[in-house]
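From first to last, the protein sequence lines stand for chains R and L. Numbering-wise, my numbering puts 37 at position 37 of the first sequence, and it's gapless, one number per residue. Numbering-wise, my numbering puts 1085 at position 85 of the second sequence, and it's gapless, one number per residue.
A portion of the hints provided could be inaccurate.
[As the list claims (entries may be wrong)] Below, a list of computed lysine-lysine pairs in the BS3-like style, where the Cα atoms sit at most 25 Å apart: (1) R/K108 <-> R/K3; (2) L/K1037 <-> L/K1107; (3) R/K108 <-> L/K1006; (4) R/K3 <-> R/K78; (5) L/K1004 <-> R/K108; (6) L/K1151 <-> R/K108; (7) R/K108 <-> L/K1107.
Just so you know, the hints here were simulated from the structure itself, not pulled from any lab data.
If you want the building blocks of each chain, they are given just below.
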Amino acid sequence: MGKSVLIIDDSSTMRKIVNRSLRQAGLEFDTVLEAGDGQEALDILSGEKPDIILSDINMPNMDGIEFLKKKAEDASIKDIPVVMVTTEGGSEDMVEQSRSLGASGCVKKPFTPDQVNDVLGPLL
Amino acid sequence: MDFKEKIIDATREIFETMIMVDVTPGEALTEHVSKFKCSLSAMVGFAGFKQGNLAIHAPDKVAMGLTGDFLGVEVDEINEDVQDAMGELANMLAGSLKPFIANDGGKVELSLPSVVHGEEYTLTVINKADWIIVPFSVSHGDFMVGLELKKQ
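Between the sequences and the hints, there should be enough to build the whole structure, so can you do that?
Rendered as structure tokens:
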């Protein structure tokens, strides 16, 4: 069965950019799911179980931190690896917090295809 | 303000790794630019220990070309994708420069990106600020990266 990914970002443009970065890294997914915030992601995850999740941290409605907390409470999705996508110079506190809440890794923009592959590859 | 090389390094790294386009820096401007025509300006503010902003100013054609490269699609109008992509580039640039701006340990936070676009507009220049504007060339044309920091 083909691999699937869920990309969470409030900007549809950033979701396209992240998706393109995955392809440039040689990571081809048969199914690419998209959510505009944490709540929308949880709604999708009630029916879909992607192989990996990439999530922005700062989002309106439900941010990446709150999403990780909610996800950890749901036995059906808690083991799906989540990689946070952040910007160099962004809040280190939130990156640390995401790790303590179970995020499997973090990629910081600007990132090269190799860096994306290094973080995501072992999780797939 | 000794940020010219930092701006050049950060711009090169971001454009070459994320968009995969080569950028050629020019000489820093000697006069501030605040009036723009048929352009787009994407800005991110600095708050806290240092206040100011980082901005990318690009003619429409260049902004559309860069966005097309960034997303891997053809872009023929200034739409939400262009505004978001240019805002994201400004965000990444500000993030890369933040450690140097907060050099002596003060806490500096970044605002969310804001974008201005129009046939003709004027941006307010911060009073009593140090500034630098570095022009760059890409295959689509020229754009500028400006940094303003309020004097303390």
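Run through the hints listed earlier and report the numbers of any the structure violates, in increasing order.
2, 6
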